[in-house]
Amino acid sequence: MSFINYASREINCKIVYYGPGLCGKTTNLQFVYKKTAPEAKGKMISLATETERTLFFDFLPLALGEIKGFKTRFHLYTVPGQVFYDASRKLILKGVDGVVFVADSQEERMDANAESLDNLGINLQEQGYDLNKIPYVIQYNKRDLASIVSLDELRRELNPTGVPDFEACATTGEGVFETLKAIAKLILIDMKKGK
Amino acid sequence: MVSQKEKYLANAQKLIQKGQFDRAIKDYEQVIAADPKDLRHRQKLAELLVRCSRKEEAIKEYLTIANFYESNGFYLKAIAVYKQVQKLDNTNIDISHALAALNEKQGLVGNALTEYKTIFNYYEKAGLTDEAIKILAKMQAVDPENLEIQLKLADTYFYAGFKETAYEEYTKAALILKKSGNETAFEKLYSRIQTLFPAISDFDLHLLTEQLNKGIVADAVQVLRRMLISDDKNRKVLALLADAYKLSGDNKDRKSVCQTILEYFPDDITAKEWFLECIIEEGDFETCHNLISLYAPDMLKARLYAPLERSYLALQLHLPYDTRVLDGLKALYVATGDQAKLADVLVNIKILSQDISEQVVEFPQAGELILEINSPIERISTDTEIDFPWEEEIELSMPGDKTVTDFKVLDISDEIFLTETEEVIPWGQESGSISNVPDDLSIKPFLTSLEDQSAADISDDSSRLELAKTIYPGKQDPPVRADYPDHDLLLFNNGSGEDDLTTGVTKDSGKYCFDGIFSEFKRSLDLQVEQGDTETHYNLGIAYKEMGLYDDAINEFQIAAADPSRQADSLTLQGICYQAKGDITKAEHLFLSGIDLFELQPEKLLNIEYELALLYEASGRKDDALRYYRSVNDYSPGYRDSKRKISELNGFGSNPHFSNID
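Note that the protein sequences, when read in sequence, are chains A and B. Last residue of the first sequence: 195 (my numbering), numbering continuous. Last residue of the second sequence: 662 (my numbering), numbering continuous.
Bound-form chain A, shown alone (with noise of 0.2 Å):
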């Protein structure tokens, strides 16, 4: 839920980059803190494990604009995607406003992709969610590599109900920003129909 603070005209909202594991959340994260100007970002937290993988978040505070007077400032957070960190990614979903799914494209990651997927379905629902109804957008990543599936078979697989999607190559920035531009819009839509 967006946080407003009255005395600094701030508007919080808390956007969530999930997906399975290595699929390119935090690649995501670095490429936008990469390509931000400085007085629009914060420090951006991450710290990985001896194995690259996150340890419990990638935290990146962003100042996008102003809302009648208000600054809009967004929070993008990364889970870890291994299964046994559910406990984190839980607890990094309370709140959320807006869930960005990142999808690994390769053929041999379409279950990790399935399986996360349904996680997050759970997930937010024992918040109180409906990723049928909470902004959520998905991005195609590694769409560089060589054994990927095709566009049609991962929407028809991982989007059948034709939320906006994205195809991205993380590592170079493609469909990065169009992703987080999308979902953005989709959380201030769902602030303004909420007022």
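Be aware that a few hints might be false.
Computed beta-carbon distance windows for the label pairs [stated by the list, open to error]:
{"no.": "1", "chain 1": "A", "residue 1": "A40", "chain 2": "B", "residue 2": "P564", "range": "47 to 55 Å"}
{"no.": "2", "chain 1": "B", "residue 1": "I349", "chain 2": "A", "residue 2": "G65", "range": "48 to 56 Å"}
{"no.": "3", "chain 1": "A", "residue 1": "L145", "chain 2": "B", "residue 2": "P564", "range": "44 to 52 Å"}
{"no.": "4", "chain 1": "B", "residue 1": "Q259", "chain 2": "A", "residue 2": "K71", "range": "44 to 52 Å"}
{"no.": "5", "chain 1": "A", "residue 1": "E174", "chain 2": "B", "residue 2": "A580", "range": "20 to 28 Å"}
For lysine-lysine, the following DSBU-like pairs were computed, each having C-alpha atoms within a straight-line distance of at most 35 Å [as the list claims (entries may be wrong)]:
{"no.": "6", "chain 1": "A", "residue 1": "K68", "chain 2": "B", "residue 2": "K236"}
{"no.": "7", "chain 1": "B", "residue 1": "K581", "chain 2": "A", "residue 2": "K193"}
{"no.": "8", "chain 1": "A", "residue 1": "K133", "chain 2": "B", "residue 2": "K522"}
{"no.": "9", "chain 1": "A", "residue 1": "K71", "chain 2": "B", "residue 2": "K178"}
{"no.": "10", "chain 1": "A", "residue 1": "K94", "chain 2": "B", "residue 2": "K522"}
{"no.": "11", "chain 1": "B", "residue 1": "K622", "chain 2": "A", "residue 2": "K71"}
{"no.": "12", "chain 1": "A", "residue 1": "K94", "chain 2": "B", "residue 2": "K341"}
{"no.": "13", "chain 1": "B", "residue 1": "K44", "chain 2": "A", "residue 2": "K35"}
{"no.": "14", "chain 1": "B", "residue 1": "K55", "chain 2": "B", "residue 2": "K5"}
{"no.": "15", "chain 1": "B", "residue 1": "K522", "chain 2": "A", "residue 2": "K43"}
{"no.": "16", "chain 1": "A", "residue 1": "K43", "chain 2": "B", "residue 2": "K178"}
{"no.": "17", "chain 1": "B", "residue 1": "K622", "chain 2": "A", "residue 2": "K192"}
{"no.": "18", "chain 1": "A", "residue 1": "K43", "chain 2": "B", "residue 2": "K330"}
{"no.": "19", "chain 1": "A", "residue 1": "K133", "chain 2": "A", "residue 2": "K94"}
{"no.": "20", "chain 1": "B", "residue 1": "K214", "chain 2": "B", "residue 2": "K134"}
{"no.": "21", "chain 1": "B", "residue 1": "K214", "chain 2": "A", "residue 2": "K181"}
{"no.": "22", "chain 1": "A", "residue 1": "K71", "chain 2": "B", "residue 2": "K179"}
{"no.": "23", "chain 1": "B", "residue 1": "K522", "chain 2": "A", "residue 2": "K34"}
{"no.": "24", "chain 1": "A", "residue 1": "K43", "chain 2": "B", "residue 2": "K252"}
{"no.": "25", "chain 1": "A", "residue 1": "K43", "chain 2": "B", "residue 2": "K14"}
{"no.": "26", "chain 1": "B", "residue 1": "K214", "chain 2": "A", "residue 2": "K34"}
{"no.": "27", "chain 1": "B", "residue 1": "K14", "chain 2": "B", "residue 2": "K44"}
Hints in this document: simulated from the structure, not taken from any laboratory. Here the structure is a predicted model, which is why all the values come from computation and not from measurement. C-beta atoms are modelled at their ideal positions from N, C-alpha and C, and glycine is treated no differently.
Mind docking chain B on chain A? Use the hints.
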């Protein structure tokens, strides 16, 4: 009947009208003799004495009056009388003293400074330096931001031979200039300071530190290196240079500076810590470990626990499977008596030592993992009932992976490298029996407590299976991961029995895992985020608050409150967190102190008052809530939903039109 006093006064009036002032004075003297407390007629007497040019006598009378006023607290009247005296004798330094003190008491800063300046000039002219300095010090106390006084004081100290004090006063003056943004004047004064005090000073270093804080590293490095030419053993300069190199990411030069410090100051713990950081940065973990081992006994003896812990933890990030590091931490926590951390370390030592004793898997430092031939894992049957919901974690266990090539493909995806691939037998292809796997595959708690270590013996295949089942609860065989056992599992996993097939972890172990992960996360975060980075602490506070980690959020907001621009927000959010924790008293206390603190800042005050009203409303104190909602609404009609709240609390539903009705 006319009194004697009245007769004298009537006579004196007649004499004054005739211009016979000397004779009138005599009559007034009689009046004063009869009534010494009659200040009005004593004043008249003094005025007549002035007319008759009898200055000394007039001053005497004026001083009597002034003293009376002063001692009875009539300071302004006393000042007026002393000024009369000063007109008669402007060389009387005692009068200036009295006037200065009285003006200071009255808060008349300008007048007080004028009087002190007169006194200072007098003393300076008379060569009474000590007295002159005392007066300047008084002037400085009256107007501490007055640059002229500051510089005069510094000059006076300097020329009087008090060099150290003079230096302090010059630097204070320079800081005043810096604060005011007057760079030209600052540079002029700084140049003067350097001329008067050519040796390297703390002030120079202070300025260089400021420069570094602003990110002007290259210039600072140049200056520091020049300083070292004249004073190569200056510890402060060397330390600052090490800092500068750290900021510029120049690990090689930083290491070299640390070595120099240690050469001159072999017992310098901070330099040792920095040196270790440099070596870790270089990736020379073996040397780093050797050095920590070398330094540790002395550091423990000197109770320098914090730097030692930081060094070990930094090294542990790179050598997570190194029992020597864990042993070091164990010795440290034994010394500090930190039972919780000690328990964590002991668990990890136990797990690690047992894994190593099996010689199943080696844990190379570079993250490569090597499967040994005839690993017990390979002999685990596929017909056991453990399920593996996340196949990304179990590449080697995938049914049908029969070729070496298959492994390689999977390995690359997870950055795992096999060395003896031709000997690896994929999951599902048995190479031996499972005779040593017990029939009873019930899941036992894995090291649920330190005391229970013996019960969780995992030195054989069965117990390894149990470990695997705890980590991967399910119905099929445990996976054989190339990167198993994972560092994170080693650190954090602890099963307790009940399966949770959805999440892949047991419910209790999930909590245990999370606690471990979170404490590791925070430890690592401490290394990344400086205490002074208040904005990041504020953001982390919001992150933790959203997650319901209220205690941690409060800690972060407390740190963030050091930033004046975030003080109100941080305080309010702490209150909200306490409210969420159910600590209404603490929340109320915080909001009320916020109201006191931001009384004059309406935007912040309104928000805090509104939050306090919400708190009262939530805790059933409707009258108090109503009072604050009204206060908010009176100041800023319609602020947030104050109108609706007032209307509701007045019992008129949510129609804001009823907000004004009591």
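Hints, verified against the model:
no. : hint                            : in the structure
1   : A40(A) <-> P564(B): 47 to 55 Å  : violated, 22 Å
2   : I349(B) <-> G65(A): 48 to 56 Å  : holds, 52 Å
3   : L145(A) <-> P564(B): 44 to 52 Å : holds, 50 Å
4   : Q259(B) <-> K71(A): 44 to 52 Å  : holds, 47 Å
5   : E174(A) <-> A580(B): 20 to 28 Å : violated, 41 Å
6   : K68(A) <-> K236(B)              : violated, 51 Å
7   : K581(B) <-> K193(A)             : holds, 30 Å
8   : K133(A) <-> K522(B)             : holds, 34 Å
9   : K71(A) <-> K178(B)              : holds, 32 Å
10  : K94(A) <-> K522(B)              : holds, 19 Å
11  : K622(B) <-> K71(A)              : holds, 33 Å
12  : K94(A) <-> K341(B)              : holds, 29 Å
13  : K44(B) <-> K35(A)               : violated, 85 Å
14  : K55(B) <-> K5(B)                : holds, 25 Å
15  : K522(B) <-> K43(A)              : holds, 15 Å
16  : K43(A) <-> K178(B)              : holds, 29 Å
17  : K622(B) <-> K192(A)             : holds, 31 Å
18  : K43(A) <-> K330(B)              : holds, 33 Å
19  : K133(A) <-> K94(A)              : holds, 16 Å
20  : K214(B) <-> K134(B)             : violated, 38 Å
21  : K214(B) <-> K181(A)             : holds, 33 Å
22  : K71(A) <-> K179(B)              : holds, 30 Å
23  : K522(B) <-> K34(A)              : holds, 24 Å
24  : K43(A) <-> K252(B)              : holds, 26 Å
25  : K43(A) <-> K14(B)               : violated, 91 Å
26  : K214(B) <-> K34(A)              : holds, 21 Å
27  : K14(B) <-> K44(B)               : holds, 14 Å
Hint violations for this structure: numbers 1, 5, 6, 13, 20 and 25, all remaining hints satisfied.
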